[in-house]
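Asker: Chain W is fixed; fit chain C onto it per the hints.
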Amino acid sequence: MLWWMPESVSTYGGDMDALFSLIFTIVSVAFVLTYGAIIYALCRYRRSRQPRARYLPATRLRQYGWILGLALIVLVFDIAIDHHGASIWAQMKTTMPPANVQVRVAAKQFKWEVVYPGPDGVFETGDDAQTDGELHVPVDQVVHVTLTSKDVIHSFFVPAFRLKQDAMPGRSIPLWFQATKAGEYPWPCAELCGFGHTGMQGKVVVHTAADYAAWQQKR
Amino acid sequence: MHGTAQSDIHPAPSSFLRRCVFSTDHKVIGRQYLGIALAWALLGGLTALLIRWQLAWPGTPLPGSDLLSADFWEGESWLARSLAHGSIESEFYNKLFTMHGTIMVFFVAMPLLLGAFGNFLVPLMVGARDMAFPRLNMLSVWTLVVASIVMLVSIFVPGGAASAGWTAYPPLSTVAQYNSPNWGQNLWLLAVAIEFASFLMGGVNLLTTVINLRAPGMTYFRLPIVVWFQGIAAILFMFSVGPLIAGAVMMLLDRLVGTGFYTPSMGGEPLVWQHLFWFFGHPEVYVIMLPGLGLALDVFAVFCRKPLYGYRVIIWASIVAGALSFIVWAHHMYLSGMDPRLAMPFSITTILISVPFAVMMFAMIATLWGASITFATPMLLALGTLLIFLLGGLTGIFLGSAPMDIYLHDTHFVVGHFHYTLFSAVFFGGFAGIYYWFPKMFGRLLDERLGKIHFWLTFIFFNAVFLPMHVVGLSGMIRRIGDPTLYAFLKPWQPANVFITVCAIFLTVGQLVFVVNFFWSRMFGQRASDNPWQSTTLEWGTSSPPPHHNYDTLPVVVRGPYEYSVPDSPQDYLPQAQAVVAGPTGRA
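Just so you know, the sequences run in chain order W and C. Under my numbering, the first residue of the first sequence carries the number 2, and numbering increases by one thereafter. Under my numbering, the first residue of the second sequence carries the number -17, and numbering increases by one thereafter.
It is worth saying that the hints were derived from the structure and are not from the lab. Virtual Cβ for every residue (Gly too), placed ideally from N, Cα, C. Watch out, some of these pointers could steer you wrong.
[Unchecked claim] Restricting the straight-line Cα-Cα distance to at most 27 angstroms, the calculated cross-link-like pairs of lysine-lysine (DSS-like) are:
| id | chain 1 | residue 1 | chain 2 | residue 2 |
| --- | --- | --- | --- | --- |
| 1 | W | K109 | W | K151 |
| 2 | W | K204 | C | K473 |
| 3 | C | K473 | W | K109 |
| 4 | W | K112 | C | K473 |
| 5 | W | K112 | W | K204 |
| 6 | W | K182 | C | K473 |
[What the hints assert, rightly or not] If you anchor each label on the Cβ, the simulated ranges turn out as follows:
| id | chain 1 | residue 1 | chain 2 | residue 2 | range |
| --- | --- | --- | --- | --- | --- |
| 7 | W | Q217 | C | R63 | 31 to 41 angstroms |
| 8 | W | G200 | C | D53 | 25 to 35 angstroms |
| 9 | W | R61 | C | I435 | 34 to 44 angstroms |
| 10 | C | N164 | W | S173 | 23 to 33 angstroms |
| 11 | W | W67 | C | P198 | 33 to 43 angstroms |
| 12 | C | V254 | W | P175 | 47 to 57 angstroms |
| 13 | C | F54 | W | G200 | 48 to 58 angstroms |
| 14 | W | V30 | C | P477 | 28 to 38 angstroms |
The shape of chain W in the complex, shown without the other chains (with noise of 0.2 angstroms):
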């Protein structure tokens, strides 16, 4: 349950939060209901409680209509957990909020290389500033990030951010995120990468307004 995931410190993590908290509910309840007829039909129906059965082999839609009516209802149930969902996945992959912060994140074997564009915000000038396996980002500010390969499929996942994206080689894709809370988040490489997939890991650094602007300057 909630408790089992590590707090969730993005904007929309909380709603993923809450879809997970939906899709449990309901699927308890479904749990409940089927494990429990399961049970009692097996107590209920031993042999030696009913010797012998009751003939009902249900070939007409009057007597198995009932069942396609119970799967209408799990219909509904699985339109609602998507009707709820779309607006998250919207959210999270399909619409960029306007950017405060643009970084580059390349993934290699077996390291994430994270490249700023330095004061003038412009990449590719002479200030870009390079940090592998960590990533450093203010807090509550948009983060862009433009995700490449430069070898093998990796994965970009903040398991506190909610937030996970393949990189694939020949391809940018986009990804956005903003931290609600100043920390240090670990940040593995969720895909299979090769021999040293194990242990490829990172951190995402998430600075206070003032650390952050500390840190820009030592860089």
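Answerer: For chain C alone, coordinates are given in the frame of chain W:
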């Protein structure tokens, strides 16, 4: 017939080689598939144990490795090169989970459910003397033997076994500098391709048999569910495997000739492989699952002494599920870099699949209602199939939701989920089938007491292994990592990993009970009568085991497959072929 005995028209071969090795008899071939599947299952289980050993106690030498001298571990043997002084390193770990997935899906699940049960049961159940093409059938099983040999050889070539995962995503699987196995990966592709050829031949044979060789009176809606699900599985496999074979040929060309179909710097596209692989991969899940569920459903009716509730609805639901399985493949690829606008349509089709499966589950539960249940081992295992598959379906709702999958994708939550859906069909369903049809296959009953011990050990420890795996996955534990202790955020969960591994060891020990039972009962088990479970379907109308030609007099089918507890009938079951029961039962 004019009194000509069937044994004269259809004589059994007299030489040992033709009778037991190069046989064209579907019953012998079915048992050969069973042997191949169970042998591979031992190796698949061993790889699972090694994976769990490493996840619980990373870097610790394997038990028994200190029995070998330091000189041995410095040496050049395969074992010494694979294990660093007895401990599993990252490279070998990647080989382990790659082989585990490949073996379990292609060399255990398919040979067991399609090969063994499809071959043994389908001709008997439709009332045929053999498969439609007995020689093609022999070719299928020997092609699988060739595939098995190639796969075994791939483990021992220089560079070792394939290590790019059972999904073999390029460029990791295609570009030499990114991953060390070379011939291991080539032979892996070759073995899987040969395996596909084997099951394509098997599928053609099975469908032809069902369409053309049904006994008089055996209409499609009098076929047992087992036959229906085998047929649907064969169709799904034949429609889906073509794109994958095309993809595999391109991958082999990339590897051997350097064509670059999947290499971006050469104008290729790695995502193409994922689309081709999963276009096959998702129907493949149902190719495995449906036959397993079919076995459980048949067993259900027998031990409930009750017709399957809504037999036709179950069949229609499985057809709908099979059709839907062709338009859900990209749910494995929500985060792959494909256009994110594609995710929600695939999420909708994926979640829709829960509807036909819900129908099947409700029909199974309704079959229990008003039944007269005996808890023999096959029934316990069929119930295990239902209970575990149901939970696997429910956790699938989380993963089918595209936004939820952003967090859960590639974590141990996924590993837990697909073991609930596949282990239930393959092992609970498969074991239910083995315990139930063992008397028909070998003429003896499996021991009930050992069977029940086997069931309870499997049921308890299966859940103890895979339920906590969901929790560890929710904490963020990634798949395919060989050392969770390297990750600070996973350290608090290490006791759970140790618990899972200990339970996995007990789960394995539970399977040894089955191995003992299998061989002991094969030799000394109680002799089975023709119809030990008082079942209705055709195969129980002939002797146990059936004669070479299956039926002395071809059965004439007069009713559906699950006529149990029919009101006003003298016994609580009415065999499908009344004529055979009235006449000679076929023993020469």
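Asker: If a hint holds in the structure, say so; if it does not, say that too.
Answerer: These are the hints, each one checked on the structure:
The hinted pair formed by K109 (chain W) and K151 (chain W) meets the criterion: a straight-line CA distance of about 5 angstroms does not exceed 27 angstroms. Of the supplied pair hints, the one linking K204 (chain W) and K473 (chain C) holds, its CA atoms being roughly 16 angstroms apart against a limit of 27 angstroms. At most 27 angstroms may separate the alpha-carbon atoms for a hinted pair to count; K473 (chain C) and K109 (chain W) meet this at roughly 25 angstroms. The hinted pair formed by K112 (chain W) and K473 (chain C) meets the criterion: a straight-line CA distance of about 21 angstroms does not exceed 27 angstroms.
A distance of roughly 11 angstroms separates the Cα atoms of K112 (chain W) and K204 (chain W); the hinted pair therefore holds under the 27 angstroms criterion. Only pairs whose Cα atoms come within 27 angstroms are accepted, and K182 (chain W) paired with K473 (chain C) is accepted, the gap being roughly 22 angstroms. At about 49 angstroms, the CB distance of Q217 (chain W) to R63 (chain C) disagrees with the hint of 31 to 41 angstroms. Checked against the hint of 25 to 35 angstroms, the pair G200 (chain W) and D53 (chain C) passes, with Cβ atoms roughly 30 angstroms apart.
At about 43 angstroms, the beta-carbon gap between R61 (chain W) and I435 (chain C) stays in the expected band of 34 to 44 angstroms. Checked against the hint of 23 to 33 angstroms, the C-beta distance between N164 (chain C) and S173 (chain W) comes to roughly 31 angstroms, which is consistent with it. In this structure the hint that W67 (chain W) and P198 (chain C) lie 33 to 43 angstroms apart at CB holds, the actual value being about 36 angstroms. In this structure the hint that V254 (chain C) and P175 (chain W) lie 47 to 57 angstroms apart at CB is violated, the actual value being about 22 angstroms.
For the hinted restraint 48 to 58 angstroms between F54 (chain C) and G200 (chain W), the CB-CB distance of approximately 28 angstroms leaves it violated. Restraint check, V30 (chain W) to P477 (chain C): a C-beta distance of roughly 31 angstroms satisfies the suggested window 28 to 38 angstroms.
In the structure shown, a violation is registered for the earlier hints numbered 7, 12 and 13, in ascending order.
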